[in-house]
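J.: Here are the chains, one letter per residue:
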Amino acid sequence: MDIAHDTLRQMYERMVLLREFDERCGRLMQENRTKGAVHLYCGEEAVAVGVCTHLSNDDYITSTHRGHGHLLAKGGDPKFMYAELFGRSSGYCKGKGGSMHIADLDLGMLGANGIVGAGPPIALGAAFACHYRQDGNVAVCFFGDGASNEGTFHEAANMAGLFRVPLVLVCENNLYGEWTKQADHQPIDDIADRAASYDMPGVTVDGMDAFAVYEAAGEAIARARRGEGPTLLECKTYRYYDHVGVDFGKIVRDPDEVAAWKARDPLEQFPRRLMEMGAITQTEVDRITSETRARIEAAVDFAEASPVADPAFLLDDVYTPAAAEGAHV
Amino acid sequence: MDIAHDTLRQMYERMVLLREFDERCGRLMQENRTKGAVHLYCGEEAVAVGVCTHLSNDDYITSTHRGHGHLLAKGGDPKFMYAELFGRSSGYCKGKGGSMHIADLDLGMLGANGIVGAGPPIALGAAFACHYRQDGNVAVCFFGDGASNEGTFHEAANMAGLFRVPLVLVCENNLYGEWTKQADHQPIDDIADRAASYDMPGVTVDGMDAFAVYEAAGEAIARARRGEGPTLLECKTYRYYDHVGVDFGKIVRDPDEVAAWKARDPLEQFPRRLMEMGAITQTEVDRITSETRARIEAAVDFAEASPVADPAFLLDDVYTPAAAEGAHV
Amino acid sequence: MPVKTVTQAVPEALSQEMSRDPNIFFAGEDLSVGGAFGTSQGLKKDFGDRVIDTPISESAIAGLAVGAAAAGLRPVVEIMFMDFVGVCMDEIVNQMAKMKYMFGGKATLPIVVTTAAGAGFSMAAQHSQSLEAWFCHIPGLKVVMPSNAYDTKGLLISAIRDDNPVIFIVIKRNLRLREEVPDEPYAIPLGVAEVKREGSDVTVVATGHMVTQAQRAADQLAERGVSLEVVDPRTLSPLDMDTIVASVQKTSRAVVAQEGVQFCGFGAEIAAAIQEQAFDYLDAPVKRVGAPFSPVPFSPSLEEAWLPAADDIVAAVDEILPARA
Amino acid sequence: MPVKTVTQAVPEALSQEMSRDPNIFFAGEDLSVGGAFGTSQGLKKDFGDRVIDTPISESAIAGLAVGAAAAGLRPVVEIMFMDFVGVCMDEIVNQMAKMKYMFGGKATLPIVVTTAAGAGFSMAAQHSQSLEAWFCHIPGLKVVMPSNAYDTKGLLISAIRDDNPVIFIVIKRNLRLREEVPDEPYAIPLGVAEVKREGSDVTVVATGHMVTQAQRAADQLAERGVSLEVVDPRTLSPLDMDTIVASVQKTSRAVVAQEGVQFCGFGAEIAAAIQEQAFDYLDAPVKRVGAPFSPVPFSPSLEEAWLPAADDIVAAVDEILPARA
Ligand SMILES: Cc1ncc(C[n+]2csc(CCOP(=O)(O)OP(=O)(O)O)c2C)c(N)n1
Ligand SMILES: Cc1ncc(C[n+]2csc(CCOP(=O)(O)OP(=O)(O)O)c2C)c(N)n1
Ligand SMILES: [Mg+2]
Ligand SMILES: [Mg+2]
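As you go down the protein sequences, you meet chains R, W, Z and H in turn.
My numbering puts the first sequence at residues 1 to 329.
My numbering puts the second sequence at residues 1 to 329.
My numbering puts the third sequence at residues 1 to 325.
My numbering puts the fourth sequence at residues 1 to 325.
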C-alpha cells in the first residue's frame with residue numbers, strides 16, 4: 001500500500017500524542033492528582049491510530065474502559081480530556097464521566113465504556129444508522145480479547161453480518177483480560193477465527209505495526225463504505241502497564257514476554273521505518289516529541305486551572321428537557 | 001454403526017411416545033382443556049430420542065420452551081407430564097411450572113425453559129459438576145437455531161471449550177425462530193460452523209434420521225465421557241405445527257416446504273428402515289402404536305382425575321427450609 | 001368516536017408517528033408478522049425496511065437502539081415479554097439510561113422500549129412478571145404504564161416524541177380492553193397522573209391492570225356506600241406525586257395497588273412517599289395490594305390466587321375504613 | 001481477639017467453608033490473583049482447581065452456578081462489581097431464583113453470588129451502584145448486606161451453608177473497616193437484624209455503609225442530646241421487620257438510610273412497611289435518606305454531593321424531631 005508521507009507523519013504525530021498523554025496520566029495517578037480507575041493504552045497506539053486515520057468525524061467509534069487512545073486517535077483534545085480526568089466542568093463530560101466514560105459525540109466518539117462488551121451492540125446501532133441513512137459512513141468498534149467472550153460481541157456480530165451494516169469490529173488482542181491470559185480465557189489463538197460464525201471476513205494483523213493495521217483497517221472500512229458489510233479485524237498487541245493504573249496490584253507478567261513486545265514498540269519501529277522511507281527526519285521526530293510534550297503540559301495546566309465540577313449542576317444532564325410545548329405536534 | 005435391535009425398537013417406541021404425547025397435547029389445547037403456551041415437538045422426535053438413548057439418569061440435559069420431547073426421551077412419565085399441563089398437584093412440578101418449565105431432576109432433566117438461550121449456561125454448569133466430580137457423566141444442552149444467536153450460547157460454548165467439560169451442545173435447527181426463517185436471523189447455513197470459535201468439533205446431521213443422530217450423538221457423548229471436551233452437534237429438523245400451539249396465528253409456511261419435510265417424517269422412515277433390517281415387524285409397529293395410545297389416554301385420565309393445585313400451597317417451594325439448627329456446624 | 005383495543009392503539013400510534021418522522025424505526029422479534037402481541041400489526045406493509053425483524057438477541061436489540069439513537073435516529077424497539085429484560089438489563093440500565101449523564105449532557109437518546117408485562121394467561125414464572133420497579137429505580141429512564149386504550153395511544157405518541165429513553169409497558173391483561181380512541185394523533189403528557197374516578201373516602205393509587213381492578217372494587221364498595229377515588233399515575237417515572245397527594249389530602253386514606261410482587265415493588269415507593277408528603281392528613285396507614293412473595297405459578301388455580309384483584313383492594317380498604325356505627 | 005478487615009473476612013470465611021465441604025467451589029474473574037477486591041486472596045494456593053478463573057462472561061458464570069448447584073455442588077460465584085449484574089440478570093432472576101419453585105420444589109440451589117457495591121472511589125456511573133432493591137423484589141433469592149467485618153464473616157458462612165441462592169453484597173467503602181473477628185468459623189443467622197446502637201428518640205434503619213454513617217450521625221446528635229437507635233437489617237431479604245418495628249414502637253420516629261438511589265430503593269420498602277406496621281406509634285413521617293435521582297458522577301466534588309452521608313441523616317432526624325422548648 002502506498003501511503004502519502006503526510007498521512008504517515010500525521011499518524012506518527014498522533015501516536016506520540018497517545019503515548020505522551022497516557023504516560024502523563026500514569027504519573028498524575030502516581031502523584032495521586034487524579035482519582036478513579038484509569039486504564040492506560042501505552043503500547044497499543046498503532047491500533048487506534050492505524051484504524052482511525054481512515055475515519056472522519058462523521059464516522060463513529062465505540063471504545064472500551066481503555067479509551068484515551070481511541071478518543072485521541074479520533075481527534076480528541078488533550079485539554080478537555082485532562083480536564084475530565086481532573087473532574088473539571090471544562091472536561092469533555094463536565095466531570096461526570098471520567099476516564100471510563102470519556103466521549104465526544106461531535107467527533108463521532110460514542111464513549112469509553114465501563115462495561116466489558118458493551119461496545120459491540122452500540123457500534124452495531126451506529127452502523128445501522130449509517131446503513132439506514134445510506135450516508136456512506138461507518139462505525140468501528142474497539143474491544144478487547146477479554147470482551148470477545150461476552151455474549152454481546154456474538155449477538156452484535158451476528159446481527160451485523162445479517163444486516164450487512166458498515167461495521168468494523170476491531171479486536172485489540174493484548175493477550176490479557178485484566179490479569180488472565182488469553183489462553184486461560186478462551187480456547188483459540190486467533191479471535192479473527194470467530195468471524196466465520198457471522199459470515200464476515202476475519203483478519204489478524206500485527207497490532208504493533210501501524211502499517212499493517214492501517215492497511216487492513218483501510219480495506220475493512222472501504223468494504224463497509226461500499227455496503228459490503230462488516231469485518232472482524234484482530235490486532236495482536238500488548239499493554240505496557242498494569243491492567244489498571246501503572247502497577248496497581250504489582251501483579252507482574254513474565255519479564256521476557258514484556259521485553260519481547262517492547263522490543264517492537266510501535267513508537268520506535270514506526271518512525272524508524274518512516275525515516276528509512278524518507279517520510280520523516282530525526283529532527284522532525286524530535287520536534288514532534290517536544291511539541292507534543294509541551295502540548296500535554298499545557299493541557300494539564302488548562303485542566304488544573306479549570307473550575308472543579310460544581311455540585312449545583314449535579315442533577316443536570318440526567319434528562320433532555322422537553323422541547324417547547326407543541327413543538328412536535 | 002451397529003446398533004442392537006433391542007435398542008432400535010426402544011428408540012422407535014420412544015419416538016412414538018413423543019409423537020403421540022404431543023399430538024394429544026395439540027388436541028387438548030384445541031379443546032381448550034389445557035392453558036398457557038405449549039410448543040409442540042412433533043417432527044423433531046429423532047433428535048431427542050437419538051441423543052437421549054445414550055444417556056442414563058445420572059447424565060443431565062437442559063431443554064427449551066419446546067421441552068416435552070426432551071423429558072419423554074429422558075424417561076419422563078406421560079402421567080405426571082399431563083398432570084403438570086393440567087395444573088394438577090400430581091404433576092411433575094405440582095402445577096407450578098407448566099409446559100415451559102416441565103422438569104424432573106431425578107431423571108437428570110434440568111427443565112424446559114421459557115427463556116431462549118437460558119439452557120447453555122445451565123448445561124455448562126451441570127457438565128462442570130460432572131467434570132468436578134470426574135464421575136464420567138455428561139450434560140447435553142438442547143437449543144434451537146434461534147437460540148444460537150443469544151449471547152449465552154457463545155459464553156457457555158467458550159467456557160465449555162476452555163474447561164473441556166463433558167458437554168454436548170445439540171442444536172435443533174428447525175429452520176425457524178418463531179416465525180422468522182433462519183436466513184432472516186443469521187447469515188450462515190450450518191450452525192455447527194460456530195464450533196470452531198470454541199475449539200470444539202462441529203457436526204451437522206440430518207435430524208429427521210434417528211440413525212444419523214444416534215451415531216453422531218454417540219460419538220460426541222463418548223468423547224465427552226472420555227474427558228475430551230465438548231461438541232457442537234447440529235441436527236437439521238422441522239416442526240410440524242405452529243411455533244406455539246397448533247395453528248396459533250395462522251401464520252403459514254410454504255406448503256411445499258412443509259410437505260418436503262413431512263415426506264421424511266422420522267416416524268415413517270425410521271420404522272421402515274427397522275423393518276428392512278428385520279429389527280421390527282409391522283405387527284410390532286402396530287402394537288407399539290396402539291399400546292402407546294392407550295398409555296397416553298390413561299395418562300390424560302390420570303391427569304384429569306388428579307386434584308387441581310391447591311392455593312394453600314401457593315407459597316411453598318419458594319425456598320428450601322433451613323436444615324435443622326446447627327446441622328452444618 | 002371509533003372504539004379500539006389496546007392492541008390496536010399501539011400500532012396506530014406507531015404508524016402515525018412513523019409517517020411523521022422518517023427517523024423512527026421499529027425493531028424487534030417477529031415484527032413482520034405483527035409481533036407476539038400484535039403491537040406491530042400492519043406496519044411492515046406500510047413501512048418496509050423501517051420495521052425490522054431481529055434475531056433473538058435482546059442485548060443487541062437494546063444496544064442497537066442506543067447506538068442508532070446516539071447517531072441521530074429515533075428507535076423504537078420491542079422486548080417481547082418484560083420478563084426477558086434480564087438478558088439486556090445492561091444495555092438499558094448502564095448504557096441507555098446513563099449515556100447522556102456520563103457524557104455531560106452531550107448525548108440525546110430518543111428511544112422507546114416497548115414490552116408486555118403481567119400475568120393472567122398461565123404463562124408461568126418467566127412470562128408473567130411486572131418488573132417496572134427495576135426501571136423506576138434507574139435515573140435517566142422514563143417509565144410509562146397505561147391502563148387503557150385511549151391512554152396507550154396518547155402516551156405512546158408522547159413517548160416517541162420524548163427525547164429520552166422511555167420504557168413503555170403494555171399489560172397483557174389490558175390488550176383487549178376497548179374504548180373510544182380518536183383516529184387522529186394526540187399526545188398525553190408524560191409525568192401527569194389522572195384521577196380515573198372521583199371519590200371521597202379512600203384514595204386507591206393503581207397502576208396498569210390494577211386500575212381496572214380498582215374500578216371494580218369501587219363499584220363493589222359503592223354498593224356499601226364507600227366512595228373510592230382511583231388515581232392512575234400512568235407515568236411511573238417521573239411520578240406525579242402532586243395529584244396523588246392532593247387526593248390523599250382529600251380522602252385521608254390510601255391504598256396502593258400494583259400487580260407485581262409487593263416486596264420492594266413500585267407500590268412501596270408510592271406508599272413511602274404518601275406518608276412522607278401527607279402524613280398529617282392520614283387517618284390510617286397506607287395499605288399496599290400486590291402479589292405475594294413467590295414466582296408466578298402456572299396452574300390457573302394457583303395463578304388466580306397469586307394475582308392481586310379487586311377483592312384484595314376491597315379487603316385493604318376495609319382494613320383502613322373507620323369503624324362504622 | 002484478632003482485628004481483621006472486611007477484605008480479610010471474606011476469604012477467611014470462604015476458606016473455612018471450603019475446607020469443611022469439598023462440594024464448594026469458587027468461580028469468577030481473576031480469582032487466582034485475589035479478585036479485584038481481594039475477596040479470593042490466598043485461596044488459589046490452598047484450593048487449586050476449586051478456585052476457578054473464568055472468562056469475562058457473567059451470564060455463563062451465573063448459569064454455571066445454577067447448573068452446578070442443580071447437579072449437586074455448592075457454587076460460590078463472584079460478579080466483580082454489582083453494576084455488572086445487568087449482563088446476567090436473567091440467570092440470577094429467572095433461573096437461579098425461580099428454578100426451585102417452577103420445578104415444584106424438586107431443585108435445591110445452594111448458591112452464593114458475591115458482589116461489590118457502592119460509590120466513593122470516583123469509579124463513576126457503571127462501577128458504583130447499589131442495586132440491592134432489584135434482587136429484594138425477586139422471590140427465591142436471599143439478599144445479604146453486612147456492614148462490618150464481624151458480620152461479613154458470620155453472614156457469609158451462613159450464606160454458604162444456606163440451601164438457597166444468596167446475593168451477598170460487600171460494600172466497597174466498608175472493605176477497610178476493621179474489627180475483632182474470631183479465627184474460628186461462626187454463623188450469624190440470615191434474616192435477623194441487629195440493633196447496632198441503642199437509643200430512644202429516633203430509629204435509624206441503615207444498610208451497608210450507611211450503618212457507619214448512622215453511627216456518625218448518632219455521635220453528632222448525641223452532643224445535642226438526641227439519642228438515635230441504629231438498626232442494621234443485615235439481611236435485606238428475608239427482612240426482619242420485627243426488630244425494626246419494635247424499635248419504632250419505642251422511639252416513635254424513624255429514618256431509613258440507604259446508599260442507593262432513593263426512588264424505588266430498598267428504603268421505600270422499609271418506610272412503607274414501618275408505617276403499615278407501626279402507624280399508631282409514629283409521631284412523624286418516616287423519612288428516607290438515599291442518593292439523589294442521577295447516575296453516580298465521576299468527579300470527586302460531584303460524587304461527594306451525590307453520596308448520602310451522616311449529615312443527611314442528621315438533617316432527616318432534625319426534620320422529624322419534635323420542636324423543643
Ligand atoms: C461486564 C464486565 N465484566 C467485568 C468487568 C471488569 N473488567 C474491566 S476491564 C476487564 C478486562 C477486559 O479485558 P479486555 O477486553 O481484553 O480489554 P483490555 O483491558 O485488555 O484492554 C475486566 C474483566 C467489566 N468492567 N465489565
Ligand atoms: C430471551 C427470549 N427472547 C425471546 C423469547 C420468545 N421466544 C420464545 S420461543 C422463540 C423462538 C425460539 O426459536 P428457536 O431457538 O429456533 O427454537 P424453536 O422454537 O424453533 O424450537 C422466541 C423468540 C423468549 N422466550 N426468550
Ligand atoms: Mg485484553
Ligand atoms: Mg427453531
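Worth flagging that the hints you see were computed from the coordinates, not collected in a lab.
For clarity, every value in this text was computed on a predicted model and none was experimentally measured.
C-beta atoms are modelled at their ideal positions from N, C-alpha and C, and glycine is treated no differently.
Treat the hints with care, since some could be wrong.
Anything over 10 angstroms on all C-beta distances counts as not near chain W; from chain Z, calculated [to be verified]:
#1 D49
#2 S59
#3 G105
#4 M123
#5 S301
With a Cα cut of at most 27 angstroms, we get these calculated BS3-like pairs of lysine-lysine [unchecked claim]:
#6 R:K250 <-> H:K44
#7 R:K181 <-> R:K79
#8 W:K250 <-> Z:K44
#9 H:K106 <-> W:K35
#10 R:K181 <-> H:K196
#11 Z:K45 <-> Z:K106
#12 R:K35 <-> Z:K250
#13 R:K35 <-> R:K79
#14 H:K4 <-> H:K44
#15 H:K44 <-> H:K106
#16 H:K106 <-> H:K45
#17 W:K79 <-> W:K181
#18 Z:K250 <-> W:K181
#19 W:K250 <-> Z:K106
#20 W:K79 <-> H:K196
#21 W:K79 <-> W:K35
J.: Decide, hint by hint, whether the structure agrees.
T.: How the hints compare with the structure:
{"no.": "1", "hint": "D49", "in the structure": "holds, 13 angstroms"}
{"no.": "2", "hint": "S59", "in the structure": "violated, 6 angstroms"}
{"no.": "3", "hint": "G105", "in the structure": "holds, 31 angstroms"}
{"no.": "4", "hint": "M123", "in the structure": "violated, 6 angstroms"}
{"no.": "5", "hint": "S301", "in the structure": "violated, 5 angstroms"}
{"no.": "6", "hint": "R:K250 <-> H:K44", "in the structure": "holds, 17 angstroms"}
{"no.": "7", "hint": "R:K181 <-> R:K79", "in the structure": "violated, 35 angstroms"}
{"no.": "8", "hint": "W:K250 <-> Z:K44", "in the structure": "holds, 17 angstroms"}
{"no.": "9", "hint": "H:K106 <-> W:K35", "in the structure": "holds, 23 angstroms"}
{"no.": "10", "hint": "R:K181 <-> H:K196", "in the structure": "violated, 45 angstroms"}
{"no.": "11", "hint": "Z:K45 <-> Z:K106", "in the structure": "violated, 36 angstroms"}
{"no.": "12", "hint": "R:K35 <-> Z:K250", "in the structure": "violated, 51 angstroms"}
{"no.": "13", "hint": "R:K35 <-> R:K79", "in the structure": "holds, 17 angstroms"}
{"no.": "14", "hint": "H:K4 <-> H:K44", "in the structure": "holds, 20 angstroms"}
{"no.": "15", "hint": "H:K44 <-> H:K106", "in the structure": "violated, 33 angstroms"}
{"no.": "16", "hint": "H:K106 <-> H:K45", "in the structure": "violated, 36 angstroms"}
{"no.": "17", "hint": "W:K79 <-> W:K181", "in the structure": "violated, 35 angstroms"}
{"no.": "18", "hint": "Z:K250 <-> W:K181", "in the structure": "violated, 57 angstroms"}
{"no.": "19", "hint": "W:K250 <-> Z:K106", "in the structure": "violated, 47 angstroms"}
{"no.": "20", "hint": "W:K79 <-> H:K196", "in the structure": "violated, 55 angstroms"}
{"no.": "21", "hint": "W:K79 <-> W:K35", "in the structure": "holds, 17 angstroms"}
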